[in-house]
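**Student:** Chains as they are written, first to last, in this note's numbering: chain Z, 1 to 230; chain H, 231 to 460.
If you're looking for bench data, these hints aren't it; they were derived computationally from the structure. Heads up, some of the hints might be wrong.
Chain H regions said to be covered by chain Z (calculated; three or more residues, Cβ under 8 angstroms) [as the list claims (entries may be wrong)]:
id, region
1, 246 to 252
2, 277 to 284
3, 439 to 445
In the SDA-like style, the derived pairs of lysine to any residue whose C-alpha atoms are separated by at most 20 angstroms in a straight line are [what the hints assert, rightly or not]:
id, chain 1, residue 1, chain 2, residue 2
4, H, Lys-385, Z, Ala-129
5, Z, Lys-8, Z, Gly-119
6, Z, Lys-10, H, Ser-304
7, H, Lys-296, Z, Ser-74
8, H, Lys-240, H, Val-297
9, Z, Lys-10, Z, Asn-71
10, Z, Lys-66, H, Pro-370
11, Z, Lys-66, H, Gly-273
12, H, Lys-385, Z, Gly-134
13, Z, Lys-155, H, Gly-435
14, H, Lys-459, H, Gly-435
15, H, Lys-385, Z, Ala-183
16, Z, Lys-66, H, Asp-271
17, Z, Lys-155, H, Gly-390
18, H, Lys-238, H, Glu-261
19, H, Lys-296, Z, Asn-73
20, Z, Lys-8, Z, Tyr-42
21, Z, Lys-66, H, Ala-359
22, H, Lys-385, Z, Cys-204
23, H, Lys-296, Z, Asn-71
24, H, Lys-240, H, Gly-273
25, Z, Lys-66, H, Lys-296
26, Z, Lys-8, Z, His-29
27, Z, Lys-10, Z, Ser-58
28, Z, Lys-10, Z, Asp-41
29, Z, Lys-155, H, Leu-348
30, Z, Lys-155, Z, Ala-129
31, Z, Lys-214, Z, Asp-224
32, H, Lys-459, H, Asp-271
33, H, Lys-385, Z, Pro-140
34, H, Lys-296, Z, Asp-41
35, H, Lys-240, H, Gly-435
36, H, Lys-296, Z, Tyr-42
37, Z, Lys-214, Z, Ala-183
38, H, Lys-240, Z, Ser-74
39, Z, Lys-66, H, Ser-304
40, Z, Lys-155, H, Pro-370
Heads up, the beta-carbon is just placed ideally off N, CA and C, and yes, glycines get one too.
Protein chains: 2
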Amino acid sequence: MSPVDNTKPKAVVLVSGGLDSTTVLAMAHAEGFECYTLSFDYGQRHRAELVAAERVSSSYNDVVHKVVNLNLNSIGGSALTDESIAVPESPTEGIPITYVPARNTVFLSIALGWAEVLGANDIFIGVNAVDYSGYPDCRPEFIDAFESLANVATKVGVEGGRIRIRAPLSDLSKADIIRQGAALGVDYASTISCYQADSDGRACGLCDSCRLRKEGFNAAGVPDPTRYKL
Amino acid sequence: MSPVDNTKPKAVVLVSGGLDSTTVLAMAHAEGFECYTLSFDYGQRHRAELVAAERVSSSYNDVVHKVVNLNLNSIGGSALTDESIAVPESPTEGIPITYVPARNTVFLSIALGWAEVLGANDIFIGVNAVDYSGYPDCRPEFIDAFESLANVATKVGVEGGRIRIRAPLSDLSKADIIRQGAALGVDYASTISCYQADSDGRACGLCDSCRLRKEGFNAAGVPDPTRYKL
Chain Z
1 MSPVDNTKPK AVVLVSGGLD STTVLAMAHA EGFECYTLSF DYGQRHRAEL VAAERVSSSY
61 NDVVHKVVNL NLNSIGGSAL TDESIAVPES PTEGIPITYV PARNTVFLSI ALGWAEVLGA
121 NDIFIGVNAV DYSGYPDCRP EFIDAFESLA NVATKVGVEG GRIRIRAPLS DLSKADIIRQ
181 GAALGVDYAS TISCYQADSD GRACGLCDSC RLRKEGFNAA GVPDPTRYKL
Chain H
231 MSPVDNTKPK AVVLVSGGLD STTVLAMAHA EGFECYTLSF DYGQRHRAEL VAAERVSSSY
291 NDVVHKVVNL NLNSIGGSAL TDESIAVPES PTEGIPITYV PARNTVFLSI ALGWAEVLGA
351 NDIFIGVNAV DYSGYPDCRP EFIDAFESLA NVATKVGVEG GRIRIRAPLS DLSKADIIRQ
411 GAALGVDYAS TISCYQADSD GRACGLCDSC RLRKEGFNAA GVPDPTRYKL
């Protein structure tokens, strides 16, 4: 990366290597933030994500990327971290089995710790309207509650500063997200959304995440650059 | 451990191997909870803590103990996780350098995830009045904010249940804590509070944590079983 520019405000951006968080990074960067991207090696099945998170971060010459190791698979409870639970290949009702208990709470907490160390007041996360019905920790009321917590939990909050949890995709459909990202020059071929991508980063085309992504490209009228296994 | 007793409510108890959290475990156990203790290998200097956390948990025949690995040292910013920052050996003003950014937020988040998997509605943490002045994430308003968050962040909260964050030491001095623990039969010789204990678990006797512990035993009129290096 280039030397740090001290005139820019800093932001921590949660980056999974998927379509949503890559778009959020492009938005934060375009807004003028010096971006510090954070990914987690949490025992997820779709490890190709981490490669994509690094690729997406290094596509900017002024972004610092960090991976924190965290063995969430030791607490189990999700198809994404527990090898004994299969990833569903058709839509399901209610909160899906791919929900990782308290995942966004954990991720935002660690982002908050890093933000304190860096002196960053803004934390970006790619939750969006499509996720609301399924995942409790993607809803706007969750983001608001976490922001309230952040401001009593930290030095900066206690000393009169203000931490902001920024969820710029909150009201956007998948198609809206893709349109905005494409306008900002995001190369979606670098991103991986599939819950069970192979080690080469090819998508299954069948899981919920693949399905939403495909429909998004169709609805946006943007060519889908995803490489599929099938 | 013994076979699980399904008639008891479950609780996740954050256990560091120190005096406070060991007392909290005794309280939760005495209250009738089936206790699941959680510790973190987060790159802390005082690794003897983890041995103590296991020893304290296994002193009950019905407690399940888990250690989650989490490399918080990669974000730095504290004398407890950054080897380049010295542990102070005399009292300091303001938020101490031993403060680990967002530590209790991170620990409670992971406890929340495990609680969801287990079906536990109670999470115990050993924050107390002595810590308030120094650590923002030990204050009652932090505990309240986390409880609010927990109930919008999780399946159980969304589905009408109630997660409770229990901080039974909140209003207690160190001497009160020791008196209550002693009454519940806690063996404080098993616990380690020192920020820089040696690999054999002997305490420095000089850091803030040692000083508070020593004064606590004195004030409680309970013999101090701590083994010191000096």
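**Student:** Give a verdict on every hint.
**Tutor:** Here's how the hints hold up against the structure:
| no. | hint | verdict |
| --- | --- | --- |
| 1 | 246 to 252 | violated (count 0) |
| 2 | 277 to 284 | violated (count 0) |
| 3 | 439 to 445 | violated (count 0) |
| 4 | H/Lys-385 / Z/Ala-129 | holds (18 angstroms) |
| 5 | Z/Lys-8 / Z/Gly-119 | holds (12 angstroms) |
| 6 | Z/Lys-10 / H/Ser-304 | holds (18 angstroms) |
| 7 | H/Lys-296 / Z/Ser-74 | holds (8 angstroms) |
| 8 | H/Lys-240 / H/Val-297 | holds (18 angstroms) |
| 9 | Z/Lys-10 / Z/Asn-71 | violated (28 angstroms) |
| 10 | Z/Lys-66 / H/Pro-370 | violated (32 angstroms) |
| 11 | Z/Lys-66 / H/Gly-273 | holds (16 angstroms) |
| 12 | H/Lys-385 / Z/Gly-134 | holds (10 angstroms) |
| 13 | Z/Lys-155 / H/Gly-435 | violated (28 angstroms) |
| 14 | H/Lys-459 / H/Gly-435 | holds (8 angstroms) |
| 15 | H/Lys-385 / Z/Ala-183 | violated (36 angstroms) |
| 16 | Z/Lys-66 / H/Asp-271 | holds (19 angstroms) |
| 17 | Z/Lys-155 / H/Gly-390 | violated (33 angstroms) |
| 18 | H/Lys-238 / H/Glu-261 | holds (10 angstroms) |
| 19 | H/Lys-296 / Z/Asn-73 | holds (12 angstroms) |
| 20 | Z/Lys-8 / Z/Tyr-42 | violated (31 angstroms) |
| 21 | Z/Lys-66 / H/Ala-359 | violated (35 angstroms) |
| 22 | H/Lys-385 / Z/Cys-204 | violated (28 angstroms) |
| 23 | H/Lys-296 / Z/Asn-71 | holds (11 angstroms) |
| 24 | H/Lys-240 / H/Gly-273 | violated (29 angstroms) |
| 25 | Z/Lys-66 / H/Lys-296 | violated (26 angstroms) |
| 26 | Z/Lys-8 / Z/His-29 | holds (11 angstroms) |
| 27 | Z/Lys-10 / Z/Ser-58 | holds (17 angstroms) |
| 28 | Z/Lys-10 / Z/Asp-41 | violated (23 angstroms) |
| 29 | Z/Lys-155 / H/Leu-348 | violated (33 angstroms) |
| 30 | Z/Lys-155 / Z/Ala-129 | violated (32 angstroms) |
| 31 | Z/Lys-214 / Z/Asp-224 | holds (7 angstroms) |
| 32 | H/Lys-459 / H/Asp-271 | violated (24 angstroms) |
| 33 | H/Lys-385 / Z/Pro-140 | holds (15 angstroms) |
| 34 | H/Lys-296 / Z/Asp-41 | holds (19 angstroms) |
| 35 | H/Lys-240 / H/Gly-435 | violated (36 angstroms) |
| 36 | H/Lys-296 / Z/Tyr-42 | holds (16 angstroms) |
| 37 | Z/Lys-214 / Z/Ala-183 | holds (18 angstroms) |
| 38 | H/Lys-240 / Z/Ser-74 | holds (18 angstroms) |
| 39 | Z/Lys-66 / H/Ser-304 | holds (8 angstroms) |
| 40 | Z/Lys-155 / H/Pro-370 | holds (15 angstroms) |
The structure fails to meet hints 1, 2, 3, 9, 10, 13, 15, 17, 20, 21, 22, 24, 25, 28, 29, 30, 32 and 35 from the earlier list, while all remaining hints are met.
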